[in-house]
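Work out the full structure: start from the sequences and follow the hints.
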Amino acid sequence: MALARGDTGSGGAEMGRGGAALRLALEGNIAVGKSTFLRLLGRAFPAWQRAAEPVARWREVVAGAAEGGNLLQRLYRDPARWAFTFQTFSCLGRLQAQLERPEGPVRVSERSVYSDRYVFAKSLFEGGQLDALEWAIYQEWHTFLVGQLGAHTAPHAFLYLRASPQRCLERLRCRARPEERDVTLRYLQQLHAQHERWLLERSAEVHFAEVRHAPVLVLDVEGDFEHDAATQDTLMAQVGTAHADLQPSATGDAAHPRRAAQLIASIPSCRWRIS
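So the sequence shown is numbered by UniProt numbering: it starts at 1 and just counts up by one.
This list has only true hints and no planted wrong ones.
With beta-carbon atoms standing in for the labels, derived distance ranges:
id : residue 1 : residue 2 : range
1  : 227       : 202       : 28 to 34 Å
2  : 144       : 184       : 31 to 37 Å
3  : 230       : 170       : 18 to 24 Å
4  : 227       : 136       : 43 to 49 Å
5  : 207       : 230       : 38 to 44 Å
6  : 229       : 126       : 37 to 43 Å
7  : 99        : 230       : 35 to 41 Å
8  : 101       : 227       : 33 to 39 Å
9  : 144       : 54        : 20 to 26 Å
Rather than coming from a laboratory, the hints here were simulated on the basis of the structure. Note that the Cβ used here is the ideal one computed from N, Cα and C, for glycine as well.
See below:
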């Protein structure tokens with residue numbers, strides 16, 4: 001199967017302590033197809049570093065001398081009890097991963113500390129699984145930590161995999177993770193709405209200047225892109241074109257999300273959305 005090829009070189013100086021030459025965050029609903037999309041990126045752009053979500057770590061949290069606990073399962077079984085714990089642990093893991101030294105000219109991370117807050121934690125608060133005190137504490141430590149480290153780890157752009165909640169539910173049932181059997185269509189609809197407000201409508205209040213104006217590439221994955229070679233080629237070509245649009249100029253104009261957005265706005269054929 002032919003896939004669009006990207007830049008496989010190793011050029012590009014590091015930006016900050018934890019940043020590759022270009023940092024991208026892959027966002028989208030539960031079961032939208034992020035793991036599949038990461039595999040396709042690995043075939044199309046083999047020099048790019050891909051950081052998947054640490055699902056195995058969530059399933060077996062080391063608890064000293066005690067047996068490991070399945071935090072993901074506990075979250076879905078009793079979200080009111082475990083939502084704060086899970087969101088704290090998952091965000092910590094993302095920060096740790098994003099501070100690691102990059103291994104390629106581009107790093108694509110599955111989700112980010114920003115979706116942790118503006119999609120998942122916010123949905124849990126609005127749904128009553130995080131109470132007002134927990135939400136206030138979460139926001140305070142999140143604002144402090146991300147504010148201190150965000151300049152070194154913030155994505156230069158977001159890739160938003162977009163599909164209907166109904167399609168995501170179908171894919172969730174097909175992959176059949178035991179922990180996810182209680183996930184409802186209503187919950188997926190809530191997460192979809194949060195993604196739309198944050199990444200598509202740009203109406204969510206974003207507290208971090210480094211990503212407030214970051215461009216977003218919206219990728220339609222409603223169809224069966226896992227098995228359709230033509231759709232795969234189209235998606236990878238879109239990513240390749242957008243990646244080329246984001247490359248820094250000789251003066252480094254695309255090194256900051258806001259400057260990148262200004263640069264992209266001047267490119268008529270660009271598929272990025274900017275605010």
